Amino acid sequence: MTKKIHVSTTVNGEAVEFLCEARHSLLEVLRDELALTGCKEGCNNGNCGACTVMMNRLPVDSCCVLAVEAEGAEIETVEGVAAQGQLHTVQQCFLEGAALQCGICTPGFIITAKALLERNPNPSEQEIRFALAGNLCRCTGYDKIIRSVQAAAEIMKEAQS
Amino acid sequence: MSNVIVQPSSTNPKKYNVIGTRPVRHDGADKVTGKAIYAADFALPNMAHGAYIRSPHAHARILSIDTSEAEKMPGVLAVATSADLPDPWDKTEELGEGCINYAHLSGNVLARKKALYRGHAVAAVAATDIHIAQEAAKWIKVEYEVLPPVTWVLDAMKEDAPLLHENLITQTLGEKSTKPSNIGQHIHFEQGDVEQGFAEADIVIEREYRTETVHQGYIEPHASVALWNEDGRLKVWTATQGSFTVRQQLAELLKIPVSKITVVPCEIGGGFGGKIAVYEPPVAAVLSRKCGRPVKITMRRDEVFEGTGPTPGSFMRVKMGATKEGRLTAGKAWLAYDAGAFPGGVIGPGCMCVFSCYDIPNAMVDGYDVVLNKPKTQAYRAPGSTHVALATETIIDEIAGELGIDPIDLRLQNAAKEGTRRVDGPTYPRIGLVETLQAIKESEHWNSPLEGPNRGRGVACGFWFNAGLKSSAAANVNDDGTVTLVEGSPDIGGTRTSLAMQLAETLGIAAEDVNPQVVDTDSVGFTDVTGGSRVTFATGLAAHEAALDIRGQMIERVAEMWECKPEDIQVEGGVYRYDDHSLTFKELAVELSKTGEAIVGRAAVNPQGATNAFSANIVDVEVDTETGKVKILRFTIAQDAGKAIHPSYVEGQMQGGSVQGIGWALNEEYFYDDRGELKNASFLDYRMPTSYDLPMIETIIVEVPNPDHPFGVRGVGEVSIVPPPAAIANAIYRATGIRMRNLPISPPRLWKAIAERNGQ
Numbered sequence: 001m002t003k004k005i006h007v008s009t010t011v012n013g014e015a016v017e018f019l020c021e022a023r024h025s026l027l028e029v030l031r032d033e034l035a036l037t038g039c040k041e042g043c044n045n046g047n048c049g050a051c052t053v054m055m056n057r058l059p060v061d062s063c064c065v066l067a068v069e070a071e072g073a074e075i076e077t078v079e080g081v082a083a084q085g086q087l088h089t090v091q092q093c094f095l096e097g098a099a100l101q102c103g104i105c106t107p108g109f110i111i112t113a114k115a116l117l118e119r120n121p122n123p124s125e126q127e128i129r130f131a132l133a134g135n136l137c138r139c140t141g142y143d144k145i146i147r148s149v150q151a152a153a154e155i156m157k158e159a160q161s
Numbered sequence: 001m002s003n004v005i006v007q008p009s010s011t012n013p014k015k016y017n018v019i020g021t022r023p024v025r026h027d028g029a030d031k032v033t034g035k036a037i038y039a040a041d042f043a044l045p046n047m048a049h050g051a052y053i054r055s056p057h058a059h060a061r062i063l064s065i066d067t068s069e070a071e072k073m074p075g076v077l078a079v080a081t082s083a084d085l086p087d088p089w090d091k092t093e094e095l096g097e098g099c100i101n102y103a104h105l106s107g108n109v110l111a112r113k114k115a116l117y118r119g120h121a122v123a124a125v126a127a128t129d130i131h132i133a134q135e136a137a138k139w140i141k142v143e144y145e146v147l148p149p150v151t152w153v154l155d156a157m158k159e160d161a162p163l164l165h166e167n168l169i170t171q172t173l174g175e176k177s178t179k180p181s182n183i184g185q186h187i188h189f190e191q192g193d194v195e196q197g198f199a200e201a202d203i204v205i206e207r208e209y210r211t212e213t214v215h216q217g218y219i220e221p222h223a224s225v226a227l228w229n230e231d232g233r234l235k236v237w238t239a240t241q242g243s244f245t246v247r248q249q250l251a252e253l254l255k256i257p258v259s260k261i262t263v264v265p266c267e268i269g270g271g272f273g274g275k276i277a278v279y280e281p282p283v284a285a286v287l288s289r290k291c292g293r294p295v296k297i298t299m300r301r302d303e304v305f306e307g308t309g310p311t312p313g314s315f316m317r318v319k320m321g322a323t324k325e326g327r328l329t330a331g332k333a334w335l336a337y338d339a340g341a342f343p344g345g346v347i348g349p350g351c352m353c354v355f356s357c358y359d360i361p362n363a364m365v366d367g368y369d370v371v372l373n374k375p376k377t378q379a380y381r382a383p384g385s386t387h388v389a390l391a392t393e394t395i396i397d398e399i400a401g402e403l404g405i406d407p408i409d410l411r412l413q414n415a416a417k418e419g420t421r422r423v424d425g426p427t428y429p430r431i432g433l434v435e436t437l438q439a440i441k442e443s444e445h446w447n448s449p450l451e452g453p454n455r456g457r458g459v460a461c462g463f464w465f466n467a468g469l470k471s472s473a474a475a476n477v478n479d480d481g482t483v484t485l486v487e488g489s490p491d492i493g494g495t496r497t498s499l500a501m502q503l504a505e506t507l508g509i510a511a512e513d514v515n516p517q518v519v520d521t522d523s524v525g526f527t528d529v530t531g532g533s534r535v536t537f538a539t540g541l542a543a544h545e546a547a548l549d550i551r552g553q554m555i556e557r558v559a560e561m562w563e564c565k566p567e568d569i570q571v572e573g574g575v576y577r578y579d580d581h582s583l584t585f586k587e588l589a590v591e592l593s594k595t596g597e598a599i600v601g602r603a604a605v606n607p608q609g610a611t612n613a614f615s616a617n618i619v620d621v622e623v624d625t626e627t628g629k630v631k632i633l634r635f636t637i638a639q640d641a642g643k644a645i646h647p648s649y650v651e652g653q654m655q656g657g658s659v660q661g662i663g664w665a666l667n668e669e670y671f672y673d674d675r676g677e678l679k680n681a682s683f684l685d686y687r688m689p690t691s692y693d694l695p696m697i698e699t700i701i702v703e704v705p706n707p708d709h710p711f712g713v714r715g716v717g718e719v720s721i722v723p724p725p726a727a728i729a730n731a732i733y734r735a736t737g738i739r740m741r742n743l744p745i746s747p748p749r750l751w752k753a754i755a756e757r758n759g760q
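For the record, the sequence lines run as chains A and B. So for the first sequence, this note's numbering puts the first residue at 1; every next one is plus one. So for the second sequence, this note's numbering puts the first residue at 1; every next one is plus one.
Don't read these hints as lab results, they were simulated from the structure. The model shown is predicted, which means the values in this text are computed figures rather than measured ones. For each residue, glycine too, the CB sits at the ideal point set by N, CA and C. Certain hints may be false.
Here are the simulated DSSO-like pairs of lysine-lysine, each with C-alpha atoms no more than 30 Å apart in a straight line [stated by the list, open to error]:
#1 B:K138 to A:K3
#2 B:K138 to B:K290
#3 B:K260 to B:K91
#4 A:K3 to B:K91
#5 B:K72 to B:K141
#6 B:K138 to B:K91
#7 B:K631 to B:K441
#8 B:K565 to B:K586
#9 B:K179 to B:K113
#10 B:K91 to B:K113
#11 A:K4 to B:K35
#12 B:K679 to B:K141
#13 B:K72 to A:K4
#14 B:K179 to B:K158
#15 B:K91 to B:K255
#16 B:K138 to A:K4
#17 A:K157 to B:K35
#18 B:K319 to B:K417
Covered by chain B, according to a simulated footprint, are these stretches of chain A (three or more residues, beta-carbon under 8 Å) [stated by the list, open to error]:
#19 32-46
#20 81-88
#21 138-147
Bound-form chain A, shown alone (with noise of 0.2 Å):
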């Protein structure tokens, strides 16, 4: 077996380093290194959107990004989502609008719906449901997921105004 290889990363704002070997996909060291177990594995292949996590402002599967690309890079997690122990927006409206059913999807979508609000403060129905496409629910159909998308955009444009 190879060395393990050192990387140095920001993981919700906080500077981290770990060790991985070079086919550790970024989803295990989050998951099996470094405790983060909000991101989830469900296909590890990159079809059903589980593992989401942001990687330098953009939605990535993280299960498809090897854990040395995370070298310098600027990584969050559901985890860091909530601040100062306030839910985000998006959090809060998908528990009033029923959003899950099981939950091992959410913070998946969480993600999603988050990074498409912060570049699309007003998406129409079929802009949100073509950003959560990469995101698979078995549970609710979507119907509620997309509603509460956008619940949070207008309560998010209302707090911008």
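Starting from the structure of chain A, add chain B where the hints point.
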């Protein structure tokens, strides 16, 4: 949320304080922040990781297994094969969503003499690291004698078909045949005189249907951590719909008493019937015993597709007759469902469901449970009912078209109601099919025009039994006047809250003042699976009865305090009164906590009277005639909930099941080659609906209260998956003039049918 479409259609006049409101779920913050602990998130110190080796062949005799190379690898701690499982007993038990035979279950957990499907687990390795375990698994040498596979149900029924089990003898009405075959069971139901019924008909339609194997598609792969301690006690943390069911299966498979086993249900990432039978828990247990460490096994997605139970493919021939006035006179069904590699699939409910929406005086049903070289099938949301609804509901649509009768009116005219006898015997109690059909008939959707080329609107309805079964609960009154509800139903879709709300309603407190906790098998009384749409009904009843127990104790205690008789105490809306005394539940709880013993409510129930669920759909589609792709333009589901405890989560069940039905209708299928190899074991190629494929799913909650539940609850979890494939097939017919009778109605299939119709 003002644009959520809710058109309540309630015949329940009772007014409630908590029930019918939409509080935030109790486990919500954990789940939107990533703090909730699912089985794959759970870890113990010094934990080893397990990996499987699985059969590359669909059908093969296992001649030898050599684990010596794997065992020599650095980091490898233990290897397990079927030789490490005790010889199983040939015993069959009901587990809530179907029966399990332990000999078959043991042979499915780790293959014994034969590998019966590609992906059948053959051996497993535990190592210090998952990558070492996966590599070591490849060094286990398995020698196979490859046998010819069979993967289509009608082929498996042929005389000369490859035989899976040399000792499988067909049972027909208790009679056994003389030689082995792939047919496990032949079911036969009959009522009235079916030939006479068809003779009375003015129109008779007989059609054949084929559906493919589909998977429940839960996003969380199976995962367990097992710790088999040196004192003989086994503790398992797992993703399951039924912790007590896992305990029972482990006891039988490992031949140890249930008292030595504790099962901790972690948060569960979807199940839909697929997380009841065990796969990895006994394997992780055996590995743990062998290496003396806790062992975790988490499946990969391809292992979930290839190695866990999907729901079956089927062949169906169904015939129905009606008078020209539209009265159904007779029905006949011949159904063959595959059971996968071991007998005991979902043909039983299929036979009971095929004519269950209608009052058909003369009917005959024959059903066959057939083994073949695919994974052992399991329940999938209303197991067996969706298949037959495709047949019955599209024939009803054809009859309506031939007779020039509105398809909803034809259904209303023949709808099952209280007193109708189902073909398998039972007579319906108060049910809500008529009200559900009326709800879609009166809906804005049905009464709005659909215009444009290649567009069509279809309707269909569906049935599911619903289950009662055993549930237990305890409720502890805290000294701040809140109540902790201790229960044992793994929460897949918000049931902590629907149970807490029933307890809160009974005690006259707020839902937020209840703290519901799903606990392990040592910490609550026996509770059956989260399945059969039973939790809000049966565990809800337990929560209600535990609340009544608390109320009774509070009355006794407050009577002592106020120096009166218990019967003098008036309780209304959570306020306890006598003479000029008056205390709310909370005030009283605080007061009583200062003196005397704690107040603990308890309940254990096994209710009958779950009564049945019905739903109906209207769907508008647009067909792209150049590609065969079907777009869902608009979709409405009406469903009888009895009483919706938390309407948002009732709608969620309706919407989620509808979309699973849409996926089943249009895209989802297990695609096998002629070697029995599954070609699409990934979420890329097993195509489940995404948000971009769908419109909003409009819901109409119908409330015809269940007379056998204190709040009128009927289960709502399953029936929503039943009508969509038929409703979509009917809509596609309106759009194209083509009757599609095989699922899925995927673009290549529909494109081909359109091309053939156009003479190309």
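Unsatisfied constraints (hint numbers, rising): 4, 6
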